[in-house]
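So the protein lines, in turn, are chains A and B.
For the first sequence, counting from 1, position 102 maps to 702 in my numbering; every step adds exactly one.
For the second sequence, counting from 1, position 575 maps to 1175 in my numbering; every step adds exactly one.
If you are wondering where the hints come from, they were derived from the structure by calculation, not from laboratory data.
Quick caveat, the model's predicted, so the values are computed rather than measured.
By construction, the Cβ of each residue, glycine as well, lies at the ideal position given by its N, Cα and C atoms.
Treat the hints with care, as some may be off.
With a straight-line Cα cutoff of 35 Å, these simulated DSBU-like cross-link-like pairs (lysine-lysine) come out [to be verified]:
| hint | chain 1 | residue 1 | chain 2 | residue 2 |
| --- | --- | --- | --- | --- |
| 1 | B | LYS743 | A | LYS621 |
| 2 | B | LYS656 | A | LYS629 |
| 3 | A | LYS1144 | B | LYS1144 |
| 4 | A | LYS629 | B | LYS1277 |
| 5 | B | LYS719 | A | LYS662 |
| 6 | B | LYS629 | A | LYS621 |
| 7 | B | LYS662 | A | LYS621 |
| 8 | A | LYS656 | B | LYS621 |
| 9 | A | LYS615 | B | LYS605 |
| 10 | B | LYS991 | B | LYS1021 |
| 11 | B | LYS621 | A | LYS662 |
| 12 | A | LYS621 | B | LYS991 |
| 13 | B | LYS1144 | A | LYS629 |
| 14 | B | LYS991 | A | LYS629 |
| 15 | A | LYS615 | B | LYS656 |
| 16 | B | LYS621 | A | LYS629 |
| 17 | B | LYS615 | A | LYS629 |
Short, incomplete list of chain B residues facing chain A, as computed with Cβ under 10 Å [said to hold, decoys possible]:
| hint | residue |
| --- | --- |
| 18 | THR620 |
| 19 | TYR622 |
| 20 | HIS630 |
| 21 | TYR672 |
| 22 | PRO680 |
| 23 | THR788 |
| 24 | ARG836 |
| 25 | SER1063 |
| 26 | PRO1118 |
| 27 | GLU1193 |
| 28 | GLN1205 |
| 29 | THR1208 |
What follows is a list of derived Cβ distance ranges for each label pair [said to hold, decoys possible]:
| hint | chain 1 | residue 1 | chain 2 | residue 2 | range |
| --- | --- | --- | --- | --- | --- |
| 30 | B | LYS1172 | A | GLU939 | 44 to 50 Å |
| 31 | A | LYS1230 | B | ASP625 | 53 to 59 Å |
| 32 | A | GLU671 | B | ASP625 | 31 to 37 Å |
| 33 | B | ASP628 | A | GLU671 | 46 to 52 Å |
| 34 | B | ASP625 | A | HIS750 | 40 to 46 Å |
| 35 | B | LYS656 | A | LYS1230 | 44 to 50 Å |
| 36 | B | TYR998 | A | GLU1193 | 25 to 31 Å |
| 37 | B | ALA1145 | A | GLY618 | 44 to 50 Å |
| 38 | A | VAL1165 | B | GLY829 | 22 to 28 Å |
| 39 | A | THR1290 | B | THR608 | 53 to 59 Å |
| 40 | B | HIS760 | A | GLY618 | 22 to 28 Å |
There are 2 protein chains.
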Amino acid sequence: MIIGKSYTRVDAYDKATGRTKYTEDLCDKHALVAKIKHSNVAHAIVKSVDISEAEKIPGVVKVLTCFDAPEYLFPTAGHPWSTEESHQDICDRNVLTKHVRYYGDDVAAVVAEDEVAAKRAIEAIKVEYEVLPFVLDVQEAMKDGAPQIHEKYKNNVLAHTQIHKGNYEEAIKEPGLIKIDKWYNTQTVQHCHIENFICYAWEEGGRIHVTSSTQIPHVTRRCVAQALGVDWGRVRVVKPYIGGGFGNKQDALYEPLCAWLTTQVGGRLVKLDCQREETFANNRVRHAIRYHFISWVKPDGTLVARKVECFSNQGAYASHGHAICAKGLGSFPQLYPCENFEGDGWTVFTNRQVGGAMRGYGMPQATFAIEAHTEDICTELGLDPIAYRRKTVMPVGYVDAFSKNELYSDTFNQCLDAGMKYIDFERKREAYKNQTGDIRRGIGVSLLWYNTAVWPIALETSSCRMVMNQDGSIQLQVGETEIGQGADTAFSQMAAETLGIPFEKVHIVSCQDTDVTPFGTGAYASRQTYAAGMGIRGCAEAFKAHILDVAYRYTRMQSYLMDIVDGNIIRKTDGRVLMTLGELALTVLYDREHNEHLTMEKTAQLKTNAYSFGCCFAEVEVDIPMCQVKLLNIINVHDAGTLINPALAEAQVHGGMSMGIGYGLSEKMLYDAKTGKLLNGNLLDYKLSTMMDHPHLEAQFVENPEPTSAYGTKGLGEPPVNPVASAIRNAILNATGVAFDELPMRPHLLYEKFSQAGFFQD
Amino acid sequence: MIIGKSYTRVDAYDKATGRTKYTEDLCDKHALVAKIKHSNVAHAIVKSVDISEAEKIPGVVKVLTCFDAPEYLFPTAGHPWSTEESHQDICDRNVLTKHVRYYGDDVAAVVAEDEVAAKRAIEAIKVEYEVLPFVLDVQEAMKDGAPQIHEKYKNNVLAHTQIHKGNYEEAIKEPGLIKIDKWYNTQTVQHCHIENFICYAWEEGGRIHVTSSTQIPHVTRRCVAQALGVDWGRVRVVKPYIGGGFGNKQDALYEPLCAWLTTQVGGRLVKLDCQREETFANNRVRHAIRYHFISWVKPDGTLVARKVECFSNQGAYASHGHAICAKGLGSFPQLYPCENFEGDGWTVFTNRQVGGAMRGYGMPQATFAIEAHTEDICTELGLDPIAYRRKTVMPVGYVDAFSKNELYSDTFNQCLDAGMKYIDFERKREAYKNQTGDIRRGIGVSLLWYNTAVWPIALETSSCRMVMNQDGSIQLQVGETEIGQGADTAFSQMAAETLGIPFEKVHIVSCQDTDVTPFGTGAYASRQTYAAGMGIRGCAEAFKAHILDVAYRYTRMQSYLMDIVDGNIIRKTDGRVLMTLGELALTVLYDREHNEHLTMEKTAQLKTNAYSFGCCFAEVEVDIPMCQVKLLNIINVHDAGTLINPALAEAQVHGGMSMGIGYGLSEKMLYDAKTGKLLNGNLLDYKLSTMMDHPHLEAQFVENPEPTSAYGTKGLGEPPVNPVASAIRNAILNATGVAFDELPMRPHLLYEKFSQAGFFQD
């Protein structure tokens, strides 16, 4: 068995020794440098742009403005295309814009011989604006009379979806129900991947070539073509190793602009390298979503009716749009089924920077809200939060009517049991009762629900190609992408497992090149092992069958009598090694009778997806006078089905927990109410959670193999971040009795809430 | 019809504008620089190498000597591998050698931070030799007591083959036969491609990556693996655009050394860039071959018996070895069939630089000898050279017993007719009779015979992959390589033709990467259009069939009712366009019912090859006192079957004719008899033929479609060079009555021969 072993990452040695080549390493040092002129107003019409001074600066090759930009509108979201127009992403951007919609919007660009000239030219560009009123708050933006950000969206509502189940209005009439009515607020955060966004582009062979730090090369290619109005086949996108993405690079961020710029300078190589400040201010962010929950429960906690409203702050452009808000909304009636449910989700344009994909895709927000709310119900009713969740959560055998996903095993109880044991839940809960001092401890829990992959909302497909070498090793090509998460290693294990060859014999082609890489939609939705796994297994099984058919010529054994084990073709009936795979590959490639290069390529389409589950337990120590939270203990327990590589799975969970801790306690993007300008867009002022802020991060797993999955696996990339903030929030509630309904729970907020709670009265 | 049109080269614009990226352009500017310490003796044993001074030079990273080099012997020839040991190329080299076998052999190497440090270190290395006697002449090397160059080859004979047909000894007893007994000598020349040999290598992912200016990426990968003793799959070779090869880059020249060097400096990027002088002195050369012809003819010219001896000067290492000598030897009884034939070919090691592949692969030498000899027979017997050739040459319907090749059409007469007409042969031959002045004119002819591709001597195979984009365009991948000859354009035309799409819709992936490019053995033997054509057509036909099967789902038409024409899926019965290929590709890729990435990959094996034919007519003006030849007029007429792209075919012929003119009149590598050192290894002293030396080069074609060929085409890359020197030689003979049996016919030689002829007696 190769699946389930903690092989060292295929790229570990190269990354540790600095051999790994990222986009910047691959770009010719003589590339022209592109810089963007960002607006310094939040909402305006560009009246004119004066580039005369900029053009005079030595080293400037070209200055281009929104008045030069192609009129093609394009989308940026990393979603598969749909041939149905209603399912296509919203085309609402030009590569440069005449209508500034947020502070930092892209108005002009400079291409210069070097960075200094480019920066000087950017400063020398003079833009004259017709300034418009702007709106930053999501509910303000929905009001009549609010500034109109995109022409065709009334009240700035990009989309509004509703879920109706049962009869809410009738149900709440039942006597004796307790109404819990609360608002929960999440903040805007940024991904903070180590490698800023970077891409470079040039023309060759009548085509536009783009190398980019992207999660979605095949999708980006299409977005670039749309933006430039060229045939899709005229664009090629190459994705090298990337230093993290977390969803920010699941957008076509600046590839369309860079691709257009090269066409404006005679096809010369143009590099567009975001500074950290630009990554903060001009890339995507996690949506700030505001939730309103009204739950009607019996005194024993039985959930009779629930109404939820979600207000998602989209910012200036559609990007992933409503999908993020809708994913959270859709989760509520699944995680805690309720017979009478009414849900409304609004995704609303504002004059803020653009919300896009970020690890969790709406679920960190939704999980914070639902798990805070669930805790609030328990607190209100005096119920045990574990017992209440066990009773109320999605039951074994639950089938979602839309996705047909099923809960196959008693995973919630298993995860809760493991987490309780590790954190010593019962004893500590008891011990932390009735604390009165300045320093108090508490313990909290949060469940986690996540839907792997995107079927049936969108197409799910993964293609795979295998190329055999003369030594019996293979190259493995998939369209799904290594973005630091270890996908290449998992893919290699899968291929080795199914093909029957040693792990070391799989050479993964890490770099995707849309010219030659089988089509795959990229890294998102925690779909890598689930979706690519099906592509890999389908291809490997077909390849193995073909290899055994070919082996018949040399072994005289019927293919069904043979198998491939550990790189050898064996006879199943007595286990004899008939020849090595290397011998076969060599022989058939150079066979003068019947020669063949052994390769295989297959597309797998998926018509399933899978639930991932888990929980988080957090233990905190709250210093009330100092308004500080110290995280003492934290554990995530995950059921992601079979683990392909436990060590990598653990690393994924560690990363997600870290992100969740920052989300819960420190990270928040601050916008100036007067200008809309981002105030803390750098790693000094933005309080990114780091190892220094963490206790030991405990990751445990419950492995219920997913029956619909090629290797029993399901999503684990995003889920770990989701339950962390709510578990910490519930621990603080447990410690102090104060319920935080807003993130992050920074000292500022603690001071405010503790003051309201009367802690500082004397 | 797309075949047969002179489309502009797919890379024309990029090459003309400097966008095309060659190996040097792609190599990171911070690469370490490797330089080689070449021996300054022709034959010696290295006793010791003192690197102490070299290591002290600032910037030197590593100095390595023959005593550090791996003991693995490896071959360098660009031949397909054979699983039969007797058919494998000779392994006679190490990456650095302790046994110096020619002046310039590779004894040590330096890796340094920059070129200056590397060069200084090379000079600082002190090598102590045990000097041995050396031999430069091929027949001297065969003598008993000659210096032994490789241990196991007696009398330095690498190989000796014989052809026996009929009974020579009996046949020559026939009374009345005239014996023509002559020696012909060819010289050593170099390829002089514009781009010198260059490669770079690094380690990543536990594998060795090599980017190289090579004609044979898949073969080079194997040679590197052999040299380093690693699994073949652990080596990856990438081939960018290359600036010419002409066969020199059909050897693994220095990739094995460069690959080894990176492993000695921790996998850092190492560049090995040959200077022009090294390309001259340390790369491959065209074999100097000496021929001895004895022909026994009747007074009417009937060829009764013939004996040929060929002595091929191999130089120090085997490289392509005996194949080159044998190809020429094998041609003689085919071109001019003779019932009683005895042929001997010897390939012999000498202490000269290594003979390898060069455009024509032994046939420029053999054609010079046979066509000079044929002319000498005509002169001796007073026969018309055209009529004699028409009568004596391979007849229509001729089948070679070994290759099964057949002469399908009356091509020789057609080619001769075209050439005679263009050059006004009859009238000029008459006019040039009885000249007596100092300046005399003459006209000469030479036939041309060439065997396309290498079956049945070696494996012939070509794999192809096609990847469809959403706009109905495709990427085309083949293992055969663009080396400046225009193969990419021809391949694109073929794919477009068979698939039924516009030429512009084919995006050829020019760069071969052994990790992902379908296996092909590379560019040699004029096999590109013939061999790769079969790979392309096989793949395209399978792809088209698959596309039509898929189209059924959307058009409801059975696949046999449809065709693909000009990028549209049409109904054959009424010609209606049912959908565009782009619509189909888009629809099926994103089909939520049945999605698929449309691709196809196929291996074609060849069990045929094909004769290429033609002739050359040259007209010269000889200035006897000045010993100068002025080429007035020259025409090559070729039957290469169907022309894929007439303009590119013409360009091929022009290049070959230019090379042939240099071969005939000016080019020769001179070796110092006292040291074995190359004396004129630079473009100043080596008289490379250029446009300045040429009259208009007329290229004409006779198109008899080759029945065994996918597109009716056969070899045209090499043939044009072959008949040129002999046609010029025969023209000089016609002008002056002096037969030159040696190349090149430089003023030095003319003076010697004209003196012997008594021209300067008064």
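Do the hints match the structure? See the list:
Between LYS743(B) and LYS621(A) the CA atoms are separated by roughly 57 Å; this puts the pair beyond 35 Å, and the hint is violated. Restraint check for LYS656(B) and LYS629(A): satisfied, since their Cα atoms lie roughly 31 Å apart, inside the 35 Å limit. Our distance criterion of 35 Å between C-alpha atoms is met by LYS1144(A) and LYS1144(B), whose separation comes to about 26 Å. Proposed proximity of LYS629(A) and LYS1277(B) is contradicted: the alpha carbons are some 41 Å apart, above 35 Å.
For the given pair, LYS719(B) sits about 41 Å from LYS662(A) by alpha-carbon distance, which is inconsistent with the 35 Å threshold. Taking the CA atoms of LYS629(B) and LYS621(A), the gap is near 14 Å; set against the 35 Å cutoff, the hint holds. Using a Cα cut-off of 35 Å, the hinted pair LYS662(B) and LYS621(A) holds, with the two alpha carbons roughly 24 Å apart. The straight-line distance between the Cα atoms of LYS656(A) and LYS621(B) is roughly 31 Å, inside the 35 Å bound, and the hint therefore holds.
For the suggested pair LYS615(A) and LYS605(B), the alpha carbons sit about 50 Å apart, so the restraint of at most 35 Å is broken. Restraint check: the Cα-Cα separation between LYS991(B) and LYS1021(B) comes to about 19 Å, which is no more than 35 Å; the hinted pair holds. Taking the CA atoms of LYS621(B) and LYS662(A), the gap is about 24 Å. The hint holds against a cut of 35 Å. For a cut-off of 35 Å, the pair hint linking LYS621(A) to LYS991(B) is broken: about 66 Å separates their Cα positions.
For the proposed pair LYS1144(B) and LYS629(A), the alpha carbon gap of about 43 Å is over 35 Å, so the pair is violated. With a C-alpha separation of about 65 Å, the suggested pair LYS991(B) and LYS629(A) falls outside the 35 Å cut-off, and the hint is violated. Between the alpha carbons of LYS615(A) and LYS656(B) the distance comes to roughly 31 Å, so the proposed pair stays at or under 35 Å and holds. Between LYS621(B) and LYS629(A), the direct Cα distance comes to roughly 14 Å. Compliance with the 35 Å bound is thereby established for this hinted pair.
For the hint pairing LYS615(B) with LYS629(A), the CA-to-CA distance comes to about 21 Å; that is within 35 Å, so the pair holds. Satisfaction of the interface hint for THR620(B) is found here, the shortest Cβ-Cβ separation to chain A being roughly 7 Å, below the 10 Å cut-off. Hint status for TYR622(B) relative to chain A: violated, with the closest Cβ pair at about 13 Å, above 10 Å. Residue-level restraint check for HIS630(B) holds (minimum Cβ-Cβ distance to chain A is 8 Å; threshold 10 Å).
Taking 10 Å as the C-beta cut-off, the interface hint given for TYR672(B) is violated, the closest approach to chain A being about 15 Å. For PRO680(B), the interface hint holds, the least distance from its beta-carbon to any beta-carbon of chain A being 7 Å, beneath 10 Å. Evaluation of the THR788(B) hint against chain A yields a violated restraint, the C-beta minimum of about 33 Å exceeding 10 Å. Annotation: interface hint on ARG836(B) holds; nearest CB of chain A at approximately 8 Å, less than 10 Å.
Given hint, SER1063(B) at the interface with chain A, holds; its Cβ is 4 Å from that chain's nearest Cβ, closer than 10 Å. Interface restraint check for PRO1118(B): the shortest CB-CB distance to chain A comes to about 6 Å, inside 10 Å, so the restraint holds. At its closest, the beta carbon of GLU1193(B) sits 9 Å from a beta carbon of chain A; the interface hint therefore holds under the 10 Å criterion. The restraint placing GLN1205(B) at the interface with chain A holds, with a minimum CB-CB distance near 5 Å, inside the 10 Å limit.
A hinted interface residue such as THR1208(B) counts as satisfied when its beta carbon comes closer than 10 Å to some beta carbon of chain A; here the least separation is about 13 Å, so the hint is violated. Range check, LYS1172(B) to GLU939(A): about 60 Å between beta-carbon atoms, so the 44 to 50 Å window is missed. For LYS1230(A) and ASP625(B), the hinted distance range of 53 to 59 Å is satisfied, since their beta carbons lie about 56 Å from each other. As the Cβ distance of GLU671(A) to ASP625(B) is approximately 35 Å, the hint placing it in 31 to 37 Å holds.
With their beta carbons about 39 Å apart, ASP628(B) and GLU671(A) fall outside the hinted range of 46 to 52 Å. Checking the proposed 40 to 46 Å range against ASP625(B) and HIS750(A) shows it holds: the Cβ atoms sit about 44 Å from each other. A C-beta distance of roughly 58 Å is found between LYS656(B) and LYS1230(A), which places it outside the suggested range of 44 to 50 Å. For TYR998(B) and GLU1193(A), the Cβ-Cβ distance of about 27 Å falls inside the hinted range of 25 to 31 Å, so the restraint holds.
Restraint check, ALA1145(B) to GLY618(A): a C-beta distance of roughly 49 Å satisfies the suggested window 44 to 50 Å. Between VAL1165(A) and GLY829(B), the C-beta spacing of about 27 Å keeps the proposed range 22 to 28 Å intact. For THR1290(A) and THR608(B), the hinted distance range of 53 to 59 Å is satisfied, since their beta carbons lie about 57 Å from each other. The hinted range of 22 to 28 Å is not satisfied by HIS760(B) and GLY618(A), whose Cβ atoms lie roughly 54 Å apart.
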